[in-house]
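Peer 1: Same order as they appear, the protein sequences are chains V and B.
If you read the first sequence in the working numbering, its first letter stands for residue 56, the second for the next number, and so on.
If you read the second sequence in the working numbering, its first letter stands for residue 56, the second for the next number, and so on.
No lab work stands behind these hints: they were computed from the structure.
Accuracy of the hints is not assured; some may be wrong.
Copies of the same chain look alike in the list, so a pair counts if it works inside one copy or between any two.
Unchecked claim - Pairs of lysine to any residue, SDA-like flavour, derived with a Cα cap of 25 Å:
#	residue 1	residue 2
1	K197	I136
2	K197	M246
3	K122	I93
4	K112	A82
5	K197	R247
6	K122	G102
7	K197	D253
8	K197	P249
9	K122	I184
10	K112	P172
11	K197	E86
12	K197	Q81
13	K122	E97
14	K122	I245
15	K197	H165
16	K122	R103
17	K197	P144
18	K197	A248
19	K197	E250
20	K197	L127
Protein chains: 2
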Amino acid sequence: MTESDLQRAPERVARRRRIDGERSRQAILHEAAQLATIEGLEGLSLGRLAEAVGMSKSGLFAHFGSKEELQLATIETADVIFAEQVVDPALSAATGLERLQQLAERFLQHVEDDVFPGGCFFASVAAEIDRHAPPVRDRALKTIGEWFGHLVAAVQGAQADGQINDAEDPVQLAFEIDAFLLLANANYVIMRAPEPLDRARHAIRARLALAVS
Amino acid sequence: MTESDLQRAPERVARRRRIDGERSRQAILHEAAQLATIEGLEGLSLGRLAEAVGMSKSGLFAHFGSKEELQLATIETADVIFAEQVVDPALSAATGLERLQQLAERFLQHVEDDVFPGGCFFASVAAEIDRHAPPVRDRALKTIGEWFGHLVAAVQGAQADGQINDAEDPVQLAFEIDAFLLLANANYVIMRAPEPLDRARHAIRARLALAVS
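Turn these sequences into a full structure, and let the hints steer you where they fit.
Peer 2: Right, here's the structure in full:
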């Protein structure tokens with residue numbers, strides 16, 4: 056070890072601490088996002104999460120400071136997971152119709168894969184929307200609104216490509232597809248069987264067959 | 056007052072106490088069902104409900120004994136309200152197609168009328184199904200299963216009447232209509248505007264126009 060290494064040692068230790076801190080923060084938030092789909096985002100107290108990740112409540116408090124900060128950071132983490140698993144790969148498809156089909160199919164697949172143990176994270180959060188503090192509510196609705204916007208934009212893209220009939224109202228068609236996805240998720244969580252996911256796949260195929268120009 | 060009246064006085068007092076007790080029990084459960092759609096059935100503690108109805112926690116405890124008994128009685132009460140407002144009048148319609156249309160329309164109307172402040176009681180309870188104790192979960196799923204059964208039976212009735220094409224799978228068609236209703240409820244609770252209810256009405260009309268034989 057040179058003298059210069061020695062001089063930089065405290066800096067390296069600090070950097071490693073930041074990296075470890077960031078890693079452990081991410082691990083905690085991943086667990087929080089999982090837990091929130093079972094116990095609710097409102098059930099996600101620092102005490103309950105501390106128990107789940109095997110940390111002290113004061114250790115968690117050092118990471119997040121308040122339940123609201125924890126909830127907001129948990130939503131951000133769920134958003135990143137949902138973007139990686141569902142939205143981003145679907146939006147990289149070449150045509151509007153493919154983007155629409157992939158948004159739906161990747162949504163169903165992430166439910167079937169139990170990416171979150173209680174089904175779609177944002178459906179869980181939406182179901183208790185009246186219970187959230189305004190900043191938490193607004194942050195959750197941002198992702199929910201963006202999701203619906205992706206469905207509408209994909210329909211509009213498919214219309215621009217000449218693949219979906221111009222007579223279709225993009226918002227109405229997006230509503231109908233989103234409805235099949237939401238009930239599939241709700242019934243999958245109850246039944247733990249693929250049947251409702253297949254019902255949604257069937258419904259979406261039949262609806263798109265009607266919409267194709 | 057005759058001697059015989061005098062003899063029966065304690066009996067009358069006891070009967071009046073039972074009636075008052077029953078009335079106040081119903082009033083408490085009505086409040087509990089309302090509250091559960093905002094704070095969740097799991098958020099419905101004896102303490103929280105006592106605060107909402109202005110009773111002591113020990114007074115409530117005398118009525119229900121435990122959180123689980125309170126939850127079960129609350130589901131029963133919500134079931135009675137839902138039957139009165141939605142299911143029973145719809146099932147009294149003369150044909151299968153009318154029963155199907157009325158189940159859907161009366162569902163949407165009870166959401167629009169804010170019969171429960173947090174939207175459909177059973178959608179709220181279903182969204183947190185993993186959190187409920189098994190007896191509570193089973194009781195809630197009974198009503199949810201019966202609801203879906205009514206939709207399927209109405210489709211089958213309409214097929215028997217020759218009003219819906221025999222080629223339609225009754226369970227698939229019931230799934231699609233139920234999906235429109237569930238998303239309408241979820242989005243109404245978020246937006247507090249009739250638009251999603253009208254989207255569902257439009258979707259159901261279009262879907263039934265296809266199914267009519």
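Peer 1: Would you mind marking each hint as holding or not holding in the structure?
Peer 2: Comparing the hints with the structure gives:
Taking the shortest Cα distances, K197 and I136 sit within 25 Å of each other inside one copy (15 Å), while across copies they are farther apart (34 Å). In this homomeric assembly, K197 and M246 come within 25 Å of each other (Cα to Cα) only across copies, at 13 Å, whereas the closest approach inside a single copy is 29 Å. For a Cα distance limit of 25 Å, the shortest separation of K122 from I93 qualifies both inside one copy, at 17 Å, and across copies, at 19 Å. In the homo-oligomer, the alpha carbons of K112 and A82 lie at most 25 Å apart inside one protomer (16 Å), although the nearest pairing across protomers, at 40 Å, exceeds that limit.
Proximity of K197 and R247 under a CA criterion of 25 Å is satisfied inter-copy only: 17 Å between copies versus 29 Å inside one chain copy. Proximity of K122 to G102 under the C-alpha cut-off of 25 Å is found in both arrangements, the shortest distances being 10 Å within a copy and 22 Å between copies. Taking identical chains as interchangeable, the C-alpha atoms of K197 and D253 lie at most 25 Å apart only when they sit on different chains, with a minimum of 23 Å there against 28 Å within one chain. Taking the shortest Cα distances, K197 and P249 sit within 25 Å of each other only across copies (20 Å), while inside one copy they are farther apart (29 Å).
Taking CA atoms no more than 25 Å apart as the test, K122 paired with I184 passes in both settings, with 16 Å inside one copy and 23 Å between copies. Only within a single protomer do K112 and P172 lie at most 25 Å apart by alpha-carbon distance; the minimum there is 24 Å, versus 35 Å between protomers. For a Cα distance limit of 25 Å, the shortest separation of K197 from E86 inside one copy, 22 Å, qualifies, whereas the shortest one across copies, 32 Å, does not. In this assembly of identical chains, the alpha carbons of K197 and Q81 lie at most 25 Å apart only when taken from the same copy (21 Å versus 40 Å across copies).
Taking the shortest Cα distances, K122 and E97 sit within 25 Å of each other both inside one copy (9 Å) and across copies (19 Å). Only between protomers do K122 and I245 lie at most 25 Å apart by alpha-carbon distance; the minimum there is 22 Å, versus 28 Å within a single protomer. Taking identical chains as interchangeable, the C-alpha atoms of K197 and H165 lie at most 25 Å apart only when both belong to the same chain, with a minimum of 20 Å there against 28 Å between chains. In this assembly of identical chains, K122 and R103 lie within 25 Å of each other by CA distance both inside one copy and across copies; the values are 11 Å within and 20 Å between.
Taking identical chains as interchangeable, the C-alpha atoms of K197 and P144 lie at most 25 Å apart only when both belong to the same chain, with a minimum of 20 Å there against 39 Å between chains. In this assembly of identical chains, K197 and A248 lie within 25 Å of each other by CA distance solely across copies; the values are 18 Å between and 30 Å within a copy. Taking CA atoms no more than 25 Å apart as the test, K197 paired with E250 passes between copies only; the shortest distance there is 19 Å, against 30 Å inside one copy. In this assembly of identical chains, K197 and L127 lie within 25 Å of each other by CA distance solely inside one copy; the values are 12 Å within and 35 Å between copies.
The earlier numbered hints are all upheld by this structure, with none contradicted.
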